[in-house]
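Engineer: Here's the letter readout for the chains.
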Amino acid sequence: MNDRNRVPGALPLTERELRRTFLEQVQFVPGGDRIKRCLQCGTCTGSCPVSYAMDISPRMVIALFRAGEIEKILRSRTIWICASCYMCTTRCPQAIKITDILYALKRTAMDSHLYPDRFPVYLLSRNFIHIVNRYGRNSEVLLLIRYYLRQKPFELLRLLPLGLRMLRKGRASLFPTRIKEVKAIRKMLDASKALELPREKGQAEYAEEMVGYRAVG
Amino acid sequence: MEYLYYPGCSLETSSRQYDESLRAVFRALGLKLTELPDWNCCGATMYMSVDETVSLAISARNLALARQNGFGDLIAPCSACYTVLLKTNRFLRENPELKAKVDRILAEAGLSYDLTVNIRHPLDVLVNDVGVEVISLAAKRSLEGVIFAPYYGCQIVRPERGFDDREFPTTMDTLFEKLGAVSVYFPLKTRCCGGMLMTTFPDVALQLVKDILDCAVENGAQCIVTTCPMCQINLEAYQNRVNKKFQTSYRIPVIFFTQLLGIALGCSERELGLQRNFIPLGEPLSTKSSFQVKESRQTRDEIC
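Chains as they are written, first to last, in the numbering used here: chain A, 95 to 311; chain B, 4 to 307.
If you are wondering where the hints come from, they were derived from the structure by calculation, not from laboratory data.
Keep in mind that this is a model prediction, so the values were computed, not measured.
Hints may be right or wrong, so weigh each one.
[As the list claims (entries may be wrong)] Cross-link-like lysine to aspartate or glutamate pairs, in silico, EDC-like; alpha carbons within 16 Å at most:
# : chain 1 : residue 1 : chain 2 : residue 2
1 : A       : Lys-287   : B       : Glu-55
2 : A       : Lys-277   : B       : Glu-55
3 : A       : Lys-263   : B       : Glu-272
4 : A       : Lys-263   : B       : Glu-274
5 : A       : Lys-246   : B       : Asp-206
6 : A       : Lys-287   : B       : Glu-111
7 : A       : Lys-274   : B       : Glu-38
8 : B       : Lys-143   : B       : Glu-55
[To be verified] Here are the simulated distance ranges between beta carbons:
#  : chain 1 : residue 1 : chain 2 : residue 2 : range
9  : B       : Arg-144   : A       : Gln-134   : 49 to 57 Å
10 : B       : Gln-250   : A       : Arg-262   : 36 to 44 Å
11 : B       : Arg-273   : A       : Ile-239   : 27 to 35 Å
Glycine included, C-beta positions come from ideal geometry on N, C-alpha and C.
Please model the complete structure; the sequences and the hints are all you need to start from.
Structural biologist: Okay, here's the thing in structure tokens:
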């Protein structure tokens, strides 16, 4: 229990619930079922340019997933450190979509609120989505200001010289561009919310079979 | 030939020189670029990590708009946009259930998408549609004396098997070698620059950037030529921080491949947005004169 209380905003989630969320996420990945083919060869870890900074290596992610320790994966730094360079996916001898699986794990962690609001990647993604939903396009200046204000306000001062240089070179604009059809984006978002609500039953069952979970319990 | 063009958010602001030089190069080669009207953000990797269906729908809106405008090819110069748009196509093609969901969302915006748009990278278009031979005939000056490190970054060659090898691409090398430049041995050409990690976990990203700079400089490159806005900004704007952190003294120009190509095609410095780069190009690459070229050749001999 202590372990669980360490992260603020965490819910006491059972392995079962987490598994269900993850399987719902992973079934949309084309070839997501190949996860059951993993040989534990470690090519992914060896190819990853950032595995040295991870607490759980990509190979171990799959091992832990099989061992039913999904919560451990979700609480690790690993899924957030992945920079989506797809080197592991390219080299995997079993053609497992490791990067896409890590995306599914990120979404599971966010869905289950396993991370505090101010966690860097979560915070950046949230703000990014906020800006895109509002203007239709991203604004780098606005994104960084919003992010650092909540994350590390003093970092903004450190970045100021760089920001000013960018402005001087005409490479930054203080005002975001709004697309003409922002309304269309809003409508699409509303439509997707309506689609999300009735979670189709039976899907997770199918996925369980798909990734070979049945065999490991 | 005419192409539909999806600039992406970075090319509007932090990588304006990429946009300017791309347009200049296409103009110089007699190709027409039409900007996709009212395009929106592709969603990048960040939208995807929160909500997959919505991020695919938002990115598919651009593809639907491209179709509405009657084009089959859409040029996306930013590596992130390129990968995300390709990924959208693949996910929708391979997953009918997801396609049905996205269709319903798109219908709300009065759009529909029939999966027929091809996403192209400008490097692919220039080398495979126009051709290296034609470009070299159109070149106004030789790039002789230019020693560069071809840096492709990760997302234009992966995860899909696209127009080049996924670990050792050579398109850019071939193109510029034909124009007289020399590419250095550069095994990190598709190594990740860290991308958004520079904001979220700067220590990790700085190490990655340092590895790439080390490799380019040790192998004698005068400049790094890249295809990705994220790579360009990480490698160029954060050189000072790398220097401070690792006690190095790097000051190597990082330019977009369209800028280097534009120099060969005789475009002006303004047209190519070269004044927007933080680290100015050295003499052999200067757009003003070509008599400096000989001097730099010596440097090359010394290195080899």
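Engineer: Each hint needs a verdict: does it hold in this structure or not?
Structural biologist: How the hints compare with the structure:
Straight-line distance between C-alpha atoms of A:Lys-287 and B:Glu-55 comes to about 12 Å, which keeps the hinted pair within the 16 Å bound. Only pairs whose Cα atoms come within 16 Å are accepted, and A:Lys-277 paired with B:Glu-55 is rejected, the gap being roughly 21 Å. The hinted pair formed by A:Lys-263 and B:Glu-272 meets the criterion: a straight-line CA distance of about 14 Å does not exceed 16 Å. Under the criterion of a C-alpha separation no larger than 16 Å, the hint pairing A:Lys-263 with B:Glu-274 is consistent with the structure, at around 14 Å.
With a C-alpha separation of about 15 Å, the suggested pairing of A:Lys-246 with B:Asp-206 holds against the 16 Å cut-off. The suggested pairing of A:Lys-287 with B:Glu-111 holds, with an alpha-carbon distance near 12 Å, which does not exceed 16 Å. Annotation: proposed proximity of A:Lys-274 to B:Glu-38 holds, straight-line Cα distance about 15 Å (limit 16 Å). Pair hint B:Lys-143 plus B:Glu-55 does not hold up; C-alpha atoms about 47 Å apart against a cutoff of 16 Å.
Hint check: B:Arg-144 to A:Gln-134, Cβ distance near 55 Å, so the stated range 49 to 57 Å holds. One distance hint, 36 to 44 Å for the beta-carbon pair B:Gln-250 and A:Arg-262, is violated here, with the actual separation near 28 Å. Distance hint for B:Arg-273 and A:Ile-239: a CB-CB separation of about 30 Å, consistent with the stated range 27 to 35 Å.
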